[in-house]
Structure formats: structure tokens, C-alpha cells
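Could you put the whole structure together from the sequences, leaning on the hints where they help?
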Amino acid sequence: MTASACHEDGELAFDELDVTCDGKCDGFSSIKSLVKDPRELSLDDLLGAGVPLVIGRLNDLLSSSKWVDVKLAEPVLHDAAALDSLVSGLATLYGERELTTEVNELRRAHLAAGADKLYAELSLKLDASFGKQWQVPVKGLDVGNRQLLLPVGFDAGATIEGRLIQAHATAPADPLASAKVLRGFVVPRSVAELGQMKPGEVVALRGKGRLGANLSVGTPLVIAEPLSVLSYKLVLTAGLVAYVEGVLDIQLVRMGGSEIVLDVGVQQAKVRSARVAIEDGWGVQGLPTVNVDIGAINVDLAQLVGKALTKQLDDKVNLVSAHAGSSTSTTRASVARFRFDLAQANPAELEAALAQALVGDVRLAQALANRGAAGVEQDFDLLRSGVASTSEAGIDLLGLSFYRTTITSKGEVVAQTPGGVRSLLFDSLHEEGGIFVSSHGYTRVGLAGLTFAPESKAPPVGETNLIVQLREADKGMERDKLVDHLDALILALGGEKAYAAIDAPANALERFAQSLCPGAKVHDTCVVEAATNAELAGMRDAAMAAFTPTIANLPGDTRELLVTAATHKLLVQGTFEIQENGFVGPGTSIFMDFRLDDGALAQLATQRTGFDLKQALGDILGASEVDRDTDPADLMGERLGVASDAGKELDLIAQHYDAFAADYQRLLAAEGANIVGVGTLGPSALEIRFPIDAAKRPLYADATARSLAQARSERVQALFDALLADADDLGPHPEQTVAYGLAAIAPGDHLDLRLAVDHFLEDTAFGWREPYRAAMYPTHVGGYARGPKTARIDGGQFDVDALVQLAQ
Numbered sequence: 007m008t009a010s011a012c013h014e015d016g017e018l019a020f021d022e023l024d025v026t027c028d029g030k031c032d033g034f035s036s037i038k039s040l041v042k043d044p045r046e047l048s049l050d051d052l053l054g055a056g057v058p059l060v061i062g063r064l065n066d067l068l069s070s071s072k073w074v075d076v077k078l079a080e081p082v083l084h085d086a087a088a089l090d091s092l093v094s095g096l097a098t099l100y101g102e103r104e105l106t107t108e109v110n111e112l113r114r115a116h117l118a119a120g121a122d123k124l125y126a127e128l129s130l131k132l133d134a135s136f137g138k139q140w141q142v143p144v145k146g147l148d149v150g151n152r153q154l155l156l157p158v159g160f161d162a163g164a165t166i167e168g169r170l171i172q173a174h175a176t177a178p179a180d181p182l183a184s185a186k187v188l189r190g191f192v193v194p195r196s197v198a199e200l201g202q203m204k205p206g207e208v209v210a211l212r213g214k215g216r217l218g219a220n221l222s223v224g225t226p227l228v229i230a231e232p233l234s235v236l237s238y239k240l241v242l243t244a245g246l247v248a249y250v251e252g253v254l255d256i257q258l259v260r261m262g263g264s265e266i267v268l269d270v271g272v273q274q275a276k277v278r279s280a281r282v283a284i285e286d287g288w289g290v291q292g293l294p295t296v297n298v299d300i301g302a303i304n305v306d307l308a309q310l311v312g313k314a315l316t317k318q319l320d321d322k323v324n325l326v327s328a329h330a331g332s333s334t335s336t337t338r339a340s341v342a343r344f345r346f347d348l349a350q351a352n353p354a355e356l357e358a359a360l361a362q363a364l365v366g367d368v369r370l371a372q373a374l375a376n377r378g379a380a381g382v383e384q385d386f387d388l389l390r391s392g393v394a395s396t397s398e399a400g401i402d403l404l405g406l407s408f409y410r411t412t413i414t415s416k417g418e419v420v421a422q423t424p425g426g427v428r429s430l431l432f433d434s435l436h437e438e439g440g441i442f443v444s445s446h447g448y449t450r451v452g453l454a455g456l457t458f459a460p461e462s463k464a465p466p467v468g469e470t471n472l473i474v475q476l477r478e479a480d481k482g483m484e485r486d487k488l489v490d491h492l493d494a495l496i497l498a499l500g501g502e503k504a505y506a507a508i509d510a511p512a513n514a515l516e517r518f519a520q521s522l523c524p525g526a527k528v529h530d531t532c533v534v535e536a537a538t539n540a541e542l543a544g545m546r547d548a549a550m551a552a553f554t555p556t557i558a559n560l561p562g563d564t565r566e567l568l569v570t571a572a573t574h575k576l577l578v579q580g581t582f583e584i585q586e587n588g589f590v591g592p593g594t595s596i597f598m599d600f601r602l603d604d605g606a607l608a609q610l611a612t613q614r615t616g617f618d619l620k621q622a623l624g625d626i627l628g629a630s631e632v633d634r635d636t637d638p639a640d641l642m643g644e645r646l647g648v649a650s651d652a653g654k655e656l657d658l659i660a661q662h663y664d665a666f667a668a669d670y671q672r673l674l675a676a677e678g679a680n681i682v683g684v685g686t687l688g689p690s691a692l693e694i695r696f697p698i699d700a701a702k703r704p705l706y707a708d709a710t711a712r713s714l715a716q717a718r719s720e721r722v723q724a725l726f727d728a729l730l731a732d733a734d735d736l737g738p739h740p741e742q743t744v745a746y747g748l749a750a751i752a753p754g755d756h757l758d759l760r761l762a763v764d765h766f767l768e769d770t771a772f773g774w775r776e777p778y779r780a781a782m783y784p785t786h787v788g789g790y791a792r793g794p795k796t797a798r799i800d801g802g803q804f805d806v807d808a809l810v811q812l813a814q
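With the sequence shown counted from 1, adding 6 to any position gets you this note's numbering.
These are calculated hints, taken from the structure and not from any lab test. Since the model is a prediction, treat every value here as computed from it, not as a measurement. Take the hints with a grain of salt, since some may be wrong.
[Claimed, not checked] Under the rule of at most 27 Å between Cα atoms (straight-line distance), these lysine-lysine pairs were calculated in the DSS-like manner:
(1) K702 / K317
(2) K77 / K214
(3) K138 / K77
(4) K214 / K38
(5) K204 / K145
(6) K186 / K138
(7) K214 / K123
(8) K795 / K503
(9) K204 / K186
(10) K30 / K276
(11) K317 / K239
(12) K795 / K30
(13) K481 / K527
(14) K77 / K131
(15) K503 / K38
(16) K239 / K131
(17) K138 / K276
(18) K276 / K145
(19) K239 / K702
(20) K138 / K38
(21) K38 / K145
Below is the structure:
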């Protein structure tokens with residue numbers, strides 16, 4: 007980090023730092039700096055706080071022969087074969103689930119070494135009288151910074167739940183007594199005894215309480231000029247002093263080697279106070295209380311940063327609270343996670359940091375990690391780089407016959423992956439519309455990811471994904487509705503040549519099928535017999551023979567999906583459709599979704615243009631907005647006319663796409679920009695933005711803080727929403743037109759797409775389905791195509807369907 011700016015004769019002097027930026031950087035070559043060197047901050051106040059290592063008090067209680075204050079459940083024993091079902095203290099009720107995988111691998115390896123044969127998992131409940139022993143008064147957290155003493159840890163009178171997981175050579179009748187005999191303690195009483203814990207052993211406690219943290223410490227904050235995508239005027243460091251209450255949990259797990267992980271989290275959180283630090287002390291460096299010019303706008307720096315960081319904190323806490331209120335599942339915010347190396351850390355600093363973190367005061371551990379102290383690393387905190395809240399928030403819409411509903415959902419998921427920890431920030435929107443018995447809708451989900459790899463020491467890596475899901479259903483779906491989807495899919499994945507090869511034969515098939523039973527009514531036997539007409543089968547075979555060579559060079563699973571779509575198109579268009587059959591066609595549900603990964607979005611912004619999208623949409627509209635039984639001599643002219651009629655809307659779509667591409671290129675450049683003495687912005691920085699009023703005054707209450715990956719995600723979502731508005735009158739449904747258009751110009755090697763079509767073939771009071779059964783309509787048609795370069799989300803561990811669940 008660079009040295010801080012200083013005051014000279016009452017004026018604030020800034021450092022001017024060089025910026026290395028490749029790409030669409032708009033002259034971003036230097037930036038003013040108020041970044042401070044964290045090593046210059048004295049930690050004597052925190053190091054001298056005298057917080058005891060309260061875990062020893064738990065040992066004293068559990069070592070007693072009197073169980074007045076403790077209720078124990080029967081221990082659950084887990085041998086090597088049962089470890090997959092073990093829920094560790096950093097999973098489900100007590101924290102992120104994915105870390106369980108890493109911990110259980112350590113347990114397997116430990117048991118395989120031979121000394122121990124099983125792990126005993128013991129749940130316990132401590133009497134309310136113990137809470138006061140896990141509570142400590144500390145300074146530096148009060149809103150006015152008047153050095154008031156405020157309690158951290160568990161509330162006096164709180165009932166505390168706990169979990170111990172310990173390794174044993176044989177099945178113990180009394181795990182606590184066995185541990186004491188073998189080790190001399192039940193739970194560690196000192197840092198030295200922490201080192202005697204075995205891999206995978208856990209101590210976890212949970213109860214109502216309060217915690218303190220300096221959020222965003224060590225995170226570069228870049229202040230953006232309003233109305234500009236890439237115009238960063240100032241970089242600084244600041245800390246949000248937060249005092250939070252709720253159901254607090256403290257978790258300690260022994261990892262491999264000499265490492266331990268300490269995770270502090272909270273449920274049912276409420277922010278008691280939050281302020282941006284303006285004075286040095288208690289683990290955070292103060293932000294100067296000055297006004298600065300951001301472009302032509304004069305801003306109160308402390309007010310701007312304080313409002314932005316506080317809003318982000320409130321948004322996270324509100325997300326968790328809202329989800330907890332609407333779900334039976336547990337939602338937990340991980341406030342901070344630390345990795346301590348017992349062999350590398352300074353013993354005095356380590357003991358003080360652990361003692362304070364174990365009562366929910368993580369400020370010293372944060373400060374040590376921020377200054378690069380040996381043996382202390384922080385994976386994330388509640389605000390750092392926009393990460394660390396966990397949520398199971400999702401969407402579940404159940405449609406009615408007449409409805410028009412919009413539901414939005416924002417949230418985050420933090421997942422432990424083989425290479426580190428990844429934060430996925432999602433923002434989803436589901437819209438559903440329809441009349442009577444038919445419906446259509448879409449969901450679009452933006453994902454912004456930050457991957458941390460603690461062991462490699464590499465900086466975080468940002469990524470953005472866009473997921474679009476389409477659904478259309480009808481109790482009696484006419485042929486053209488389904489074929490509109492199939493044609494658009496073939497155009498998107500196979501291109502114009504493949505579509506031309508299948509479309510003309512399919513249209514000829516439709517004209518021939520409809521000629522077999524002129525004037526047919528419901529229950530006419532001619533319709534059933536026509537479904538198995540031998541000439542139809544020959545025409546289908548010939549059509550597929552012409553189609554398959556056109557897709558020969560595509561990846562295997564893409565070919566398979568296209569063959570599936572083309573085969574079903576021929577079946578549908580070759581089946582006689584009775585126009586007087588109540589609900590025309592069988593009951594049908596169509597579901598298509600695709601994901602554009604980080605590489606796909608980058609290529610869309612840098613290698614595709616609005617003209618490309620305009621052309622693709624013109625082809626899709628030409629396929630869907632004509633009568634397919636039109637005389638072939640007239641069909642091409644009608645298709646060109648459709649595209650021409652939509653020219654105004656398509657031009658607007660092209661303009662919006664080109665504006666997006668330019669903005670996205672700027673954001674990519676910003677993410678890769680390197681500030682001398684600060685580092686690469688994308689992995690480490692938070693962007694602070696603020697709007698202005700008509701008089702060009704800052705609107706502090708609307709200031710926001712976000713990671714640059716999140717900024718990219720929001721720009722992609724804004725593109726989709728703008729295109730949707732532009733296409734309001736285009737095609738069968740605007741979301742259908744836009745989604746297939748984007749899929750058509752996306753690089754196929756980075757496209758992740760699936761299709762599912764379900765048919766319901768039972769007769770109803772208004773629908774005779776025998777012809778479709780005779781034609782051998784399948785009840786399900788589907789496929790999945792994943793480009794060979796498509797990056798998986800969380801190595802396959804994260805499933806977006808856990809976030810977005812569409813009504814079936």
C-alpha cells in the first residue's frame with residue numbers, strides 16, 4: 007500500500023498514483039489516492055485489551071463432574087464410511103455447507119492413518135448462567151467513538167447451544183471423560199492446546215449475542231464520477247465500524263498441518279450501530295473529514311463512504327432477515343472467516359486475536375490480516391469485495407388463470423470450492439404473464455462471482471454470468487407456438503444453413519399432412535390414420551438426411567440437441583391439426599434456459615455488435631411471424647417484410663447493444679487496471695457510486711458500494727431488460743425473441759443451454775388427443791448442450807436451480 011495523503015497548511019494533499027490499464031480505458035492513467043499503509047497503525051489498544059481466552063471456561067464447565075448447567079445429547083459416532091453424512095460445525099445450522107467437504111476429506115485422511123477409528127459428535131446445551139462467562143466489555147464500537155464499554159459475545163442469560171466433534175480410537179461411552187483422560191482437557195484452554203486438536207475436530211457455540219467488526223478494512227475503495235462508466239477519481243481505504251446483534255455463532259475447526267479456521271457468523275441480525283471511522287484506532291485507520299471534488303461534483307467524503315458502506319451492510323442484513331422470515335430454512339450471514347497458522351503467527355498476537363474473535367470481536371484479527379502479519383489470513387468479511395452473506399433465497403411462482411406478476415430477488419451464496427471460497431452474488435427477476443389457460447414467462451439471473459484461493463496466495467478472480475430461462479405452457483398448445491421455439495433454437499445453435507435445410511421440408515410436410523383429411527372434425531378416424539401415413543415417414547427421413555450434414559462440425563452434444571429439436575419439429579409439423587378441437591393441440595409445457603459464462607459475455611462485448619444482434623433477431627422474427635404453410639415462392643418475401651416492418655425496433659435494439667458493449671469493455675478494462683501500490687482493481691476493490699440531483703448535488707442516501715464483477719453483472723442485466731422493452735411488440739413474446747437472439751450471437755463454445763418439452767396426451771373435456779398418441783408423440787423431449795470452453799459454476803457444486811425454481 008502507498009503512504010497516506012497528508013495535511014499541509016490545512017490543505018489535504020493527495021498522492022497521485024500511476025495506473026496501468028489495457029483496453030477501453032478512456033484515459034484512465036492515474037488516480038488520486040488517500041490509501042494508507044496499514045502497518046503504520048498502532049494496534050496497542052487492541053493488543054492491550056486484556057480479553058481472556060474464554061474457551062478455557064467452557065473446558066472447566068465440561069470437565070466438571072456436576073452437570074447442573076449442561077444438557078448433553080447422546081453422542082453420534084461416525085466412522086470412515088459414515089463421514090459423508092456428518093454435518094460439521096461449519097455446515098447447515100452452523101455455517102456454510104460447502105466447507106464440510108474439505109473438513110470431511112481431512113477426517114477421512116486422519117482415520118486412514120490408523121490411530122483413530124471414528125469421530126464422536128456431541129450436541130450440548132448450556133444453562134443461561136454460562137452466557138455471562140462468554141461476554142466481554144470492549145471499547146471502540148460505540149457510535150460516537152467516546153470509548154464506551156459495550157458487550158460482545160453471548161448475552162447474559164442466553165441459552166447456548168454447542169457442538170463438539172472429536173476423534174477417538176474406540177467408541178467412547180463418555181466422549182468428554184475420554185477426551186480429558188487422553189489429552190488432559192475436554193476443549194483447548196490455550197493456543198498450545200489448540201495445536202493438539204486433531205484434523206477435523208470442531209468446537210462450535212451458538213446463542214443470542216453481539217459482535218464487533220471493522221468491515222471493508224484493507225479493501226481499496228474507488229470513487230466513481232457520476233454518469234460515467236469508467237471515471238475513477240479517487241482511491242482510498244476506510245473501515246465501517248459495525249456493532250451487530252443477533253443469534254451469534256462462533257466456530258473453530260482444526261484443519262491440516264498447523265492451521266485452524268475460525269468463523270464468526272450471525273442469524274436474525276440487527277445492526278445496532280455502524281459508522282465510518284474518522285479517527286485512527288481500534289484496528290482501523292480514520293478517513294479524513296474533508297470535502298473533495300469528484301469530477302465537477304464536490305462531496306463530503308466521510309458522508310459518502312459512510313452512507314455507501316452502511317447501505318451495503320443494511321442490504322445484506324435485510325436480505326438475511328427477509329429470507330429468514332419467509333422460509334423455514336436457516337439463513338446465516340458469515341461476518342468473517344480467518345485462517346490461523348499456529349506455527350507461523352506471532353504467539354502474543356495470535357492469542358490476543360483468537361481470544362477476541364472467540365467472543366465475536368474480530369477487529370484485531372482483521373487488522374493483523376490487513377497488515378500481512380505472518381500466520382493470519384482473512385478469507386472475507388461481510389463487506390470485503392462485496393462478499394460473504396449466505397442465503398437460500400429463490401423464486402417459486404404458482405400461476406393462476408389470470409395473472410401478471412413480477413417478483414424480484416437479490417442475494418448471495420458463498421461456496422467453498424476445491425480451490426478456495428467463491429462468493430456468488432445473484433440478482434434475479436421473474437416475470438410471468440398470460441391469459442386464461444395459457445401462460446408464458448421468463449427469469450433472468452445475474453451472477454457476479456469472486457473466487458478466493460487462500461492457499462495459493464493469489465488475488466481473487468472476478469467473474470460474471472447471465473442465466474435466462476423461458477417457460478411457455480398451454481392446456482392445448484397449437485403447433486405454431488411450439489415450432490416458434492424449435493425454429494429459434496435451430497437458428498441460434500445451428501445457424502441459417504441448418505435452418506434452411508430443415509425448414510423447407512418441414513413446411514412441405516405440414517402442407518401435405520393438412521391435405522390428408524380436409525374438413526376433418528373431432529373423432530374423425532381419418533385424422534388418426536393420417537398420423538401413421540407411410541409417406542409422412544419418408545418425408546421426415548429425407549428431411550433429416552438433408553439436415554444432419556449441415557451440423558456435422560458442431561460439438562457432439564450441440565449436434566444431439568439440434569437433432570432432437572429438428573426431429574420433433576418434423577413430428578409436430580407432420581401431424582394433422584384439427585382447428586375445431588377446443589384446446590388446439592396437446593397440453594404442452596416448454597422450458598428453455600441458457601447460461602452465458604464470463605468468457606461468453608466478454609466475447610459478446612468485444613467481438614459482437616448491435617448489427618449482429620439485429621441480423622439474428624431479423625432471422626428469428628422471419629421464422630416465427632409468417633404462416634408456415636405459405637406458398638414457398640412467397641415465403642421469403644414475407645420473411646423479409648417482417649424484418650423490414652420491425653426495422654425501427656431492431657435499430658433501437660442495436661443501439662442499446664452497442665452502448666452495452668462499450669460500457670462492458672470499459673468495466674473489463676477497469677477490472678484489469680493496476681494501481682501502483684494498490685494492486686489490480688477487479689479482485690480487490692469496491693466501487694462507490696452516487697447519483698446527483700438537478701443542481702449537481704450528491705444524493706448521499708442513494709450511494710452504493712459494489713464489486714467490479716457485480717458492476718459488470720448489473721450492466722448485463724440492464725442490457726437484457728432494455729432489449730426486452732425494445733422488443734415489446736416483436737415476435738410471439740418479447741422475452742422469447744430477445745433470449746433466442748442473444749443465444750444466436752453468443753459464442754457456442756461458451757454457451758450452456760438446455761431444452762425441455764413436455765406433452766400431456768390424455769383426453770380432456772375440450773381436447774381430443776388420440777391423433778397425437780397415434781403419431782407417437784413423446785411425453786418428454788429434451789436435451790442439453792454445453793460448449794467445450796464453458797466454465798462451470800463452483801466446479802459443478804453450485805446449481806442455479808436452487809435459487810430459481812419455476813412452477814411446473
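Please name the hints from earlier in the document that this structure breaks, with their numbers sorted from lowest to highest. 4, 5, 7, 10, 15, 16, 20 and 21
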